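If you want the building blocks of each chain, they are given just below.
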Amino acid sequence: AQSVTQLDSHVSVSEGTPVLLRCNYSSSYSPSLFWYVQHPNKGLQLLLKYTSAATLVKGINGFEAEFKKSETSFHLTKPSAHMSDAAEYFCVNSGYSTLTFGKGTMLLVSP
Amino acid sequence: DTEVTQTPKHLVMGMTNKKSLKCEQHMGHRAMYWYKQKAKKPPELMFVYSYEKLSINESVPSRFSPECPNSSLLNLHLHALQPEDSALYLCASRPTGSSYNEQFFGPGTRLTVL
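Chains A and B, in that order, are what the protein sequence lines are.
Final position of the first sequence in the working numbering is 143; the numbers increase by one with none missing.
Final position of the second sequence in the working numbering is 134; the numbers increase by one with none missing.
Mixed in with the good hints there might be a few duds.
Chain B stretches covered by chain A per the calculated footprint, using a threshold of three residues with CB under 8 Å from any CB of chain A [to be verified]:
1. 50-61
2. 68-76
3. 121-134
It is worth saying that the hints were derived from the structure and are not from the lab.
Computed from a prediction, not measured in an experiment: that's the story for all the values here.
For glycine and all other residues, C-beta sits at the position ideal for the given N, C-alpha and C.
Take the sequences, apply the hints, and build the full model.
What follows is the structure, encoded as structure tokens:
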């Protein structure tokens, strides 16, 4: 069985400051993990995916995530937030054909 | 073509209407999905098609009827819906044979049932 826990329902940052969105996973086998972003009234866009080739994964728009097996975590970070980063972010664990979504973290960016 | 398209973008229907949602992809993906998403919630899986055959139906009411006429097209037929069915309906596709199972999502259809 697999699950995903996003530790914060909302995160507020100022523009230009670092972003940290936290995700813990549970998986009975080697996980396939993703971060998706959803802007208001839009579909989900894949930010990055953990492929087991490297524990530090770089994604689009300056985001990256680090896979830590010992902590069962896959936190999403960005060095400097931009106003356009304001959106809902989902941490996702993938089974063979279906996805298990976290509850989402709303990122709020203030000027 | 590297995207999933959905039509219409918005749909308003009465409880006695019949309407259809359409999803299309030309990436050669042989797995396609319908999700329902309520506000401030993650998407909920409704149906999965694999090689044009229904492989998963997550106990969805029969007023929702999926159809996969070919490998590029996925429809969701709607009939006698309830106001609580108002939501964002998302389509996704997945490349079969991929080791990582990422899904590619369309922009969604915003459905309002009056």
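Hint by hint, here is what the structure shows:
| no. | hint | result |
| --- | --- | --- |
| 1 | 50-61 | holds (count 3) |
| 2 | 68-76 | holds (count 4) |
| 3 | 121-134 | holds (count 9) |
The structure agrees with every numbered hint stated previously.
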